[in-house]
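Given next are the chains, with one letter for each unit.
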Amino acid sequence: MAKVWVILEAQDQKIKKVSYEMIGLAKQLGDVEAVLLGSGVSSLAQEAGEYGVSKVFVADCAELKDYTTAKYTRVLADLIQKKKPEIVLVANTSQGRDFAPRVAQRIGAGQISDVMDYQEGQFIRPVYSGKAFFKVSPCACPAIVTVRPNVFPAAEKCGGSCLVEEVAASFSADDLKAIVKEVVKQVSSRPELTEANIIVSGGRGMKGPENFAILEEMADVLGAAVGASRAAVDSGWRHHSFQVGQTGKTVSPSLYIACGISGAIQHLAGMGSSKVIVAINKDPEANIFKVADYGIVGDLFEVVPMLTAEFKKLLS
Amino acid sequence: MKIAVLIKQTFDTEAKIVVKEGKVDPSGVNVIINPYDEFAIEEALRIKEKVGGEVVVFSAGSDKVTESLRKALAMGADRAVRVELDGVAVDEGVVAEALAKAVGEGNFDLVLTGWLAIDDRSAQVGVRVAEILNLSQINMVTQLELADGKLTGSREIEGGMEVVEVPLPALITAQRGLNEPRYPSMKGIMQAKKKELKVVNASDLNISAQPKVEVKDVFLPKAKEAGKIYKDDMADAVSALVKALREEAKVI
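Sequences listed follow chains P and C, in order.
Mapping of the first sequence onto our numbering: position 172 corresponds to residue 250, and the numbering continues sequentially without gaps.
Mapping of the second sequence onto our numbering: position 28 corresponds to residue 31, and the numbering continues sequentially without gaps.
If you are wondering where the hints come from, they were derived from the structure by calculation, not from laboratory data.
Among the hints, erroneous ones may be present.
To be verified - Subject to a maximum C-alpha distance of 30 Å in a straight line, what follows is the list of computed DSS-like cross-link-like pairs (lysine-lysine): (1) K253/C x K360/P; (2) K231/C x K209/P; (3) K253/C x K105/P; (4) K153/C x K255/P; (5) K246/C x K368/P; (6) K94/P x K259/P; (7) K23/C x K353/P; (8) K390/P x K246/C; (9) K213/P x K26/C.
Remember, predicted model here, so these are calculated numbers, not experimental data.
Construct all of the structure, not just a fragment, from the sequences and the given hints.
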């Protein structure tokens with residue numbers, strides 16, 4: 079069986095959901111081992127064992143407290159060259175997509191980016207804003223595969239434990255040239271867009287920043303994140319970090335509720351892989367209805383509060 | 004300051020994708036400079052306007068790419084280099100090596116490019132070039148400052164923002180938000196015709212990389228079945244929708 083590695087991603091001393099999704103995919107591909115990098119993360123390694131990972135390599139040192147491309151590349155490239163996994167899965171997140179190509183280049187590997195399906199030995203990835211898909215196979219080992227969050231089902235807990243092997247990390251002066259000056263976290267009680275199970279999103283039809291309050295209210299009833307279309311962001315109603323679409327975030331929630339969004343191709347590129355799409359728009363001709371699984375043609379200012387009330391009744 | 008900008012010519016965002024004989028058919032499609040690469044061009048021009056220097060644009064591809072290189076020259080770049088890859092089997096690693104070798108001879112202080120090309124969406128070539136040329140990188144930058152030979156870039160991370168400082172020489176990949184690219188002026192378009200556009204052949208670059216991944220097939224998404232659209236009585240519509248989401252779609 080192929081040796082498949084999952085590069086676990088942790089944040090705030092917690093293994094992120096996408097890591098378990100990668101373990102789920104890795105189990106289809108071969109024997110699963112994992113790698114965890116950070117500072118004070120050793121205690122998290124055992125957790126992966128409960129999900130069917132046989133061994134976790136842990137590089138735990140003060141230098142790895144802040145993520146930088148060079149430090150991660152050093153540790154991972156050295157380790158891959160030494161242990162020779164055949165496939166390495168990396169989360170397609172701001173961190174993973176930053177170091178994956180650099181590691182690939184250093185070890186002379188190919189990379190398949192933003193994979194959202196695996197069928198008959200081939201990885202499937204969207205191209206041209208999701209208007210087409212490539213089926214891609216590696217033709218050399220090792221191969222790096224970056225995996226879109228929120229698409230593959232997470233591995234189930236199956237008990238068991240794993241071996242933990244500590245990895246010594248050593249860095250050259252070059253590896254330490256980049257300095258993280260500041261990390262600004264948005265304080266929000268809502269889930270992060272790319273990991274959210276449900277997203278409520280608003281577009282031009284919201285008419286102004288103050289009206290997003292009705293979407294926030296619905297989001298809080300559903301435990302959802304709040305997104306925005308480019309039109310809403312360009313109007314200055316929401317910050318760019320909430321933008322869903324080609325030039326914003328790519329999301330794949332179970333449920334995406336688009337309110338007052340016309341459904342330009344650039345927006346569809348960012349949310350087309352959502353499992354269920356609901357559109358609320360007063361224009362019956364709006365493009366968003368072409369991709370919607372369900373829709374209501376009506377005034378969102380009337381419909382959204384009614385929906386929120388109905389959800390509240392159901393979920394309370 | 005010597006700045007290299009790596010650009011790619013892509014299909015227009017609105018282009019309809021047609022698959023012919025297992026490949027995406029480029030005939031009749033409008034082409035543009037990849038929008039993220041336009042941010043990179045703009046940023047290079049702004050830096051040059053502030054501190055002086057030279058902006059050189061690079062692109063790998065056939066003669067068709069000339070159109071995009073001319074546009075970059077019209078925006079204000081000083082000269083352009085096209086890397087002819089005719090007959091070379093490519094993947095991201097091969098393209099990166101070709102571009103890196105073409106750029107590498109120029110002693111650039113800064114290399115700028117878009118973080119992703121909207122056609123194949125691999126988001127690899129820029130970072131691979133940084134590795135080959137041993138440059139520090141800041142990826143997906145939405146704000147960039149240059150001072151004392153150092154670059155400070157802000158980049159979005161999940162749930163926040165990260166500010167990273169790297170020394171020059173470095174490679175930066177641009178994300179939307181970095182700037183608003185200018186349109187070429189009439190004067191710029193006229194001047195562009197006289198600017199140098201050099202062609203380098205891949206065969207002269209001693210590229211050692213071989214493709215490591217292979218696209219086996221291209222397919223279009225299945226047409227989605229028409230959704231259930233409710234209208235007229237909003238109270239009925241809302242309760243029908245909520246019922247469907249719970250019982251049929253099972254998402255709440």
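Q: Take a quick look at whether K94/P and K259/P sit within 30 Å of each other, Cα to Cα.
A: holds, 24 Å
Q | Agreement of K153/C and K255/P with the hint, judged by alpha carbon distance not exceeding 30 Å | A | Holds. K153/C to K255/P sits at ~11 Å (cutoff 30 Å).
(Q) Would the hint linking K213/P and K26/C be met if the CA-CA limit is 30 Å? (A) Holds, at about 11 Å.
(Q) With the threshold set at 30 Å, check whether the alpha-carbon distance from K253/C to K105/P stays at or below it. (A) Given that 30 Å is the threshold and the Cα spacing comes to 26 Å, the pair holds.
Q) Under the criterion that the straight-line Cα-Cα distance not exceed 30 Å, is the pair K246/C, K368/P satisfied? A) At roughly 21 Å apart (the allowed maximum being 30 Å), K368/P and K246/C satisfy the hint.
Q.
For a C-alpha distance cap of 30 Å, please report whether K390/P and K246/C respect it.
A. holds, 13 Å
Q | Hinted pair K253/C and K360/P, Cα distance within 30 Å | A | Answer holds: K253/C to K360/P is near 26 Å, not above 30 Å.
(Q) Checking one constraint from the list: CA of K23/C to CA of K353/P, max 30 Å. Satisfied? (A) Roughly 29 Å separates the two Cα atoms, so the pair holds.
Q. Are K231/C and K209/P close enough, with their CA atoms no more than 30 Å apart?
A. Holds, at about 23 Å.
The structure fails none of the hints (numbered hints given earlier).
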